Amino acid sequence: MQYPEPISKLMDSYMKLPGIGAKTAARLAFFTIDMDEEDVTDFAKSLISAKRDLHYCSICGNITESDPCDICRDKDRDRSTILVVEDVKDVMALERVREYHGLYHVLHGILSPIEGTGPEDINIPSLLKRLQSEEVQEVILATNASAEGEATATYLSRLIRPAGIKVTRLAHGLSVGSDIEYADEITLLKAVEGRREI
Amino acid sequence: MFIQQLELTHFRNYEKAEVAFSKGINVFLGENAQGKTNLMEAIYVLAMARSHRTANDKELIQWNEEFARISGRVQKKHSSFPLDITISRKGKKAKFNHLEQKKLSAYIGNLNVILFAPEDLSLVKGAPNVRRKFIDMELGQISPVYLHHLVEYQHILKQRNQYLKQLAMRKATDLTFLEVLTEQLAISGAAVLKERFSFAKQLETWAQPIHQEISKQREELMIDYACSIVLTDPEDKEAIYTDLLNVYQDNQKRELDQGTTIAGPHRDDLKFFVNEKNVQTYGSQGQQRTTALSIKLAEISLMHELTGEYPVLLLDDVLSELDDNRQTHLLTAIQNKVQTFLTTTSLDGVKKNLLDAPKVFNIDQGNIETESE
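First to last, the protein sequences are chains A and B.
With the first letter of the first sequence counted as 1, position 43 gets the number 43 in my numbering; the numbers rise by one all the way through.
With the first letter of the second sequence counted as 1, position 27 gets the number 27 in my numbering; the numbers rise by one all the way through.
Okay, chain B solo, but in the shape it has when bound (with noise of 0.2 Å):
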């Protein structure tokens, strides 16, 4: 899918813009503050209605100004429609082909995006609860079903550990109602894993090969559903529930002294590896970066498979951070397939790199202006 054109009112720094894209690589150049991260978190907005730079959606309109609206029509395979999202201080409505979306989760998925901006480093780098927050941030897009269940474990994990509280400071002692909670637990907990553990093979399945060309065949990368329990079979409902079971019994009594849930899905991490190496860990800031890289094109590729369509491909501010070879390379891998829009303060060094002649877009001052080469 792609987007044909944006039009912008009230938008951050933007009074009105309208743009058309290119289907296939689109550039934004300009200096600092000038307003191209805005342009790409309207393109954001326009797919997920919300932001990924801030939780206050106020922010987005422009100072003094009432309201902020996005509109963009997008093309895909055998449909073209237009999407449109209006930000007032009331609230903001999304309609998809003109109408309303009562229900944001309705209007979501219509357009698919994947960014990637510098602080994606930190799924390698950063804590374990940011690559689970990943693995079910991408989940969540794809499967209803995954949500639900990830949302009750969440909820039963939490009365579960008022309990254990409550057993821990005698003000409770019915252990059959502990059972009944450690078994619901096992329940929704085996659904989870089961859907995560297919999720990172999916994913290493297509990072593998990106990463090795990245690399130039010189590395291989391993991605592992570390799981805070041993499993018998990750693709057994049925066993994982017996061995989240078993675990629970085993730790019972550490859990009745710490009032806590001490295992589970709430506890696991996703591990990267190349060459047998933890990346996290042992891998130099270019291996880190190739690493994140990989697995965001492979999210391409896991949608496309998924969904039938490419995604769009926003990369904000990234291009200047990878080198020529791993810039090459992302480049190929998206050409003639995935539009892309990127950021950049200047086109020496990637241009040469750009295979089909970018549309390239000045960016001013919240003018965005169309450069004819």
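In isolation and in its complexed conformation, chain A is listed as follows (with noise of 0.2 Å):
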């Protein structure tokens, strides 16, 4: 027997979510159709607005309901620092530290010609006209270890650096609380050569 239509077709919007294949999204329509009609128009609701009052910010590229983001319009931010990251994972991540107090630019992807993406592709020169028209001190490079991620930073830091802003990168080495033992060999060499003095 086949499935109702209204089932299939909710499967099938079931089946574009990632990691949700045919069997999970049969699950998942049976249990909807048993849920009270209230939490179902609720989650029919966020899911709307999720798409519809979600933007980028035209400052920082960060996600937000209001542009410019909270962050960008926080007057006790510090102005003078902007942290350059991938996408706006990485800004949560660093948010829950709450250490850092500056700004964030979110660049939404990373230079990689085989991947297609090149300097043009991500959201590198509304970053350059920040620098031209903030009080920016000092930016730091927050792209991923790998090996496109060094290649962005450092690209990033040629375009920032003529301007007579400081340029930072995060440090390489050993994840806290650790063991050395079970360390591989790459990172233990990265630590080695950063070492600094105590």
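Since the hints were made in silico from the structure, they are not lab data.
It should be emphasised that the depicted structure is a prediction, and the values quoted were computed from it without experimental measurement.
Any given hint could turn out to be false.
[To be verified] Okay, derived cross-link-like pairs now, BS3-like style, lysine-lysine, Cα gap no bigger than 27 Å in a straight line:
no.: 1; chain 1: A; residue 1: K89; chain 2: A; residue 2: K51
no.: 2; chain 1: B; residue 1: K102; chain 2: B; residue 2: K90
no.: 3; chain 1: B; residue 1: K216; chain 2: B; residue 2: K337
no.: 4; chain 1: A; residue 1: K129; chain 2: A; residue 2: K190
no.: 5; chain 1: A; residue 1: K129; chain 2: B; residue 2: K171
no.: 6; chain 1: B; residue 1: K133; chain 2: B; residue 2: K237
no.: 7; chain 1: A; residue 1: K75; chain 2: A; residue 2: K23
no.: 8; chain 1: A; residue 1: K190; chain 2: B; residue 2: K237
no.: 9; chain 1: B; residue 1: K103; chain 2: B; residue 2: K93
no.: 10; chain 1: A; residue 1: K75; chain 2: A; residue 2: K166
no.: 11; chain 1: B; residue 1: K76; chain 2: B; residue 2: K90
no.: 12; chain 1: B; residue 1: K16; chain 2: B; residue 2: K133
no.: 13; chain 1: A; residue 1: K45; chain 2: A; residue 2: K89
no.: 14; chain 1: A; residue 1: K45; chain 2: A; residue 2: K75
no.: 15; chain 1: A; residue 1: K190; chain 2: B; residue 2: K102
no.: 16; chain 1: B; residue 1: K158; chain 2: A; residue 2: K190
no.: 17; chain 1: A; residue 1: K23; chain 2: B; residue 2: K90
no.: 18; chain 1: B; residue 1: K90; chain 2: A; residue 2: K190
Build the complex from these two chains, which are given one at a time in their own frames, with help from the hints.
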């Protein structure tokens, strides 16, 4: 027997989400039918509002309901530092630390010619514009520790440094609380290279 | 180090087999297609957790069986431990000292083997990529840092070539980004080159006296790392980096036309010279063989220097390819130091060269019998 059409339509929608195949989609669809009508309506509304009410901040590229975003509007934040990250999830991760009080800039991607991403495909022009108009003294490059992350960081420092702004890069090395004996050789190598005096 | 004993279950044509080996020379004697090379393969798999003959592990399982198992006991200077490899249709498990190793890289290296098979002649005769692969394999086994730099180099090279293509097709215009990629390529390229140069030099140091002895002082072997770039000082990483950058700069116009990186470690070669003549082009068959043999024997010494233990030597069907003189030198070189396994169809012409009594195993249709003499 085939599924009634409303169910197969719902399943089709669920299957557009990452990590969900036909069986999980069927389970979710039947679960949805048994839910309270109110919950289902809320669910549908949240889906729509997440899509409609969220924008990217026109200044930093972070995801936000109001433009400019909360961080860019916050008067208490240190406006002399901008921390550059690959995507929005990185902002969330850094915000959880609660120790960084400067501003952010989200690139929405990383330089990788293999993937077809060149300098004009990521959010670089708006960063350069910010550097001209604001009293920025330091740019922290917090791209990933991969070959592409390094290339992107080096490229950005090339563009920014001539303007006389300090450019820094996140440290590489051991993760906190980890055992040296379990660290891989390359991480250890980077940790030894980046050692500091105490 | 040496292998004390080996046990096979459902491996290739071996239903079940158990053998104890000699510390010295072990001969697998038998007609063709009886399982001599399979036995060599089993030892290789025990060491490297993969076969040198096939990339498909399932081929190792005996026909109609569920799994294949190889286990052995290795004796080192100060320790002895069991190794165990089980291959099923689902995958393989590698156990060192009864403990399963989730990472194969943690398993490999416990037993070091050097295999010398007829196809190794292509090391001298074959295309440059065979020799680059040889360097990368040997260095990779010894140095994980080298492996990291090599992988990074290859990755950035791919990115850079792609970007050069985009620039060539006018899909991209940013030369600053090309500069960044070039610098990154030069950083990892310099690390790769420095290690390769010192490896070639070490290999030459060990191979030279061996080659001289085999050729009865008539030939002098030289190994040259033929770099596609002229270097001012191959021992100084900073200097290599500067040289690489300069070359990339000089090549830029041509690279932009062709859309690819035209020079660098990925275009290099290893060259062997006998009495100052390139063996690959001008050497006789015999000289090419001697060269391949000298290099393999040099590897034994090199590994001993780096790890403090002699590896186990596997000679698959190569003795018959060498004349009496080369055989004698090969066998004296390894005498009393290196546990050796060799396959042959007949003992005539082999036995008289063996100073020490070898342990002979008769291989017959997947059965191993120890010859009692």
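To see whether the hints hold, each was checked on the structure:
1. A:K89 <-> A:K51: holds (17 Å)
2. B:K102 <-> B:K90: Roughly 15 Å between the alpha carbons, so the hint for K102 of chain B and K90 of chain B holds.
3. B:K216 <-> B:K337: holds (22 Å)
4. A:K129 <-> A:K190: violated (34 Å)
5. A:K129 <-> B:K171: holds (24 Å)
6. B:K133 <-> B:K237: holds (22 Å)
7. A:K75 <-> A:K23: violated (50 Å)
8. A:K190 <-> B:K237: Holds - the C-alpha atoms of K237 of chain B and K190 of chain A are around 17 Å apart, at most 27 Å.
9. B:K103 <-> B:K93: holds (10 Å)
10. A:K75 <-> A:K166: It holds: about 22 Å lies between the C-alpha atoms, which stays within 27 Å.
11. B:K76 <-> B:K90: violated (32 Å)
12. B:K16 <-> B:K133: Distance ~35 Å between K16 of chain B and K133 of chain B Cα, so the pair is violated.
13. A:K45 <-> A:K89: Status holds; Cα separation ~23 Å.
14. A:K45 <-> A:K75: The given pair, whose Cα atoms are some 33 Å apart, is violated under the 27 Å limit.
15. A:K190 <-> B:K102: Distance ~24 Å between K190 of chain A and K102 of chain B Cα, so the pair holds.
16. B:K158 <-> A:K190: Answer holds: K158 of chain B to K190 of chain A is near 24 Å, not above 27 Å.
17. A:K23 <-> B:K90: Roughly 24 Å between the alpha carbons, so the hint for K23 of chain A and K90 of chain B holds.
18. B:K90 <-> A:K190: At roughly 37 Å apart (the allowed maximum being 27 Å), K190 of chain A and K90 of chain B break the hint.
Comparing the model with each earlier hint shows violations of hints 4, 7, 11, 12, 14, 18; every other hint is respected.
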